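Numbered by this note's numbering, the letters in the sequence shown go through residues 1 to 208 in order.
Keep in mind that the hints were calculated from the coordinates and are not lab data.
Being a predicted model, the structure only gives us computed values, none of them experimental.
Just so it is clear, CB atoms sit at the ideal spot from N, CA and C, and this is done for glycine as well.
Among the clues, some could well be false.
Keeping only pairs whose Cα atoms sit at most 25 Å apart, straight-line, the calculated BS3-like set for lysine-lysine is [stated by the list, open to error]:
hint, residue 1, residue 2
1, K198, K184
2, K175, K190
3, K158, K198
4, K80, K90
5, K200, K190
6, K182, K158
7, K184, K173
8, K90, K75
9, K36, K80
10, K36, K90
Beta-carbon label-pair distances, calculated as ranges [as the list claims (entries may be wrong)]:
hint, residue 1, residue 2, range
11, K90, E126, 48 to 56 Å
12, R142, Q121, 26 to 34 Å
13, R32, Y116, 54 to 62 Å
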Amino acid sequence: MVDEQKNGEVEDAGLSNRIDYEAIDVEDIMTRLRQKIAARPTEKDEPEEGLSSWPDDVPAYAPEPKEPGKTGRVKRLLIKIMRPFTPFIKLLAYPIHRELRDTIEILDQTNKRLDYLYDLQHRHYEELKPKIININLRVNERIDIAFNDINRLKEYTKLLHTMTHNLVVEMTKLKIEEENVKLKTRILEKDFEFLGRKEKALEDELFK
């Protein structure tokens, strides 16, 4: 590739010597290039070096069939046309290249920073892991104790509810018994009154 560029530079020495790279006139350069290409119309018919030995049955990759060596000739012609513009292209591409290089450096620094932060996070996690496990165990123990207390309170609540229900039943029974006793007491009082009157009547009959 370097030899080809040197040969092209020697071949186009007359053209490149007339170009001022500090102040390039693109229209003037394109006009001279068109004149130079028009002055050599037979260049398209010249066989490309190294391509004449290609077999004719090579399948074309494009939808339309192309003549063997046509792509190479077009490529070489484009390289010759663009060779005088190489410094100008490099000059235009330099800021983009510089920005791309700065961006790559920034991304590299960012990746290194991320790797450092990841390693730091991993080390801190490894350092805090035993403490986290111990705290988790203590919290789980406290939660188990709290659940045991809650279960015990539930049992106490159930027991108190049962006792309250039994007390209500017993108090109801006692109330019923009290009413029965009062009723029996009234009956006995009436019986005593009747017996008292009967006794008095008998005494009156006996002492007449």
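Hint-by-hint comparison with the structure:
At roughly 21 Å between alpha-carbon atoms, K198 and K184 fall within 25 Å of each other, so this suggested pair holds. A C-alpha spacing of about 23 Å is found between K175 and K190, which places the hinted pair at or below 25 Å, so the restraint holds. Proximity of K158 to K198 is assessed by CA-CA distance (about 60 Å); at most 25 Å being required, the pair is judged violated. The suggested pairing of K80 with K90 holds, with an alpha-carbon distance near 16 Å, which does not exceed 25 Å.
For the proposed pair K200 and K190, the alpha carbon gap of about 15 Å is at most 25 Å, so the pair holds. The suggested pairing of K182 with K158 is violated, with an alpha-carbon distance near 36 Å, which exceeds 25 Å. For the suggested pair K184 and K173, the alpha carbons sit about 16 Å apart, so the restraint of at most 25 Å is met. The suggested pairing of K90 with K75 holds, with an alpha-carbon distance near 20 Å, which does not exceed 25 Å.
At roughly 11 Å between alpha-carbon atoms, K36 and K80 fall within 25 Å of each other, so this suggested pair holds. At most 25 Å may separate the alpha-carbon atoms for a hinted pair to count; K36 and K90 meet this at roughly 24 Å. Restraint check, K90 to E126: a C-beta distance of roughly 51 Å satisfies the suggested window 48 to 56 Å. Between R142 and Q121 the CB atoms are about 29 Å apart, so this pair conforms to the stated range of 26 to 34 Å.
Restraint check, R32 to Y116: a C-beta distance of roughly 57 Å satisfies the suggested window 54 to 62 Å.
Hint compliance for this structure: hints 3, 6 are broken, all remaining hints hold.
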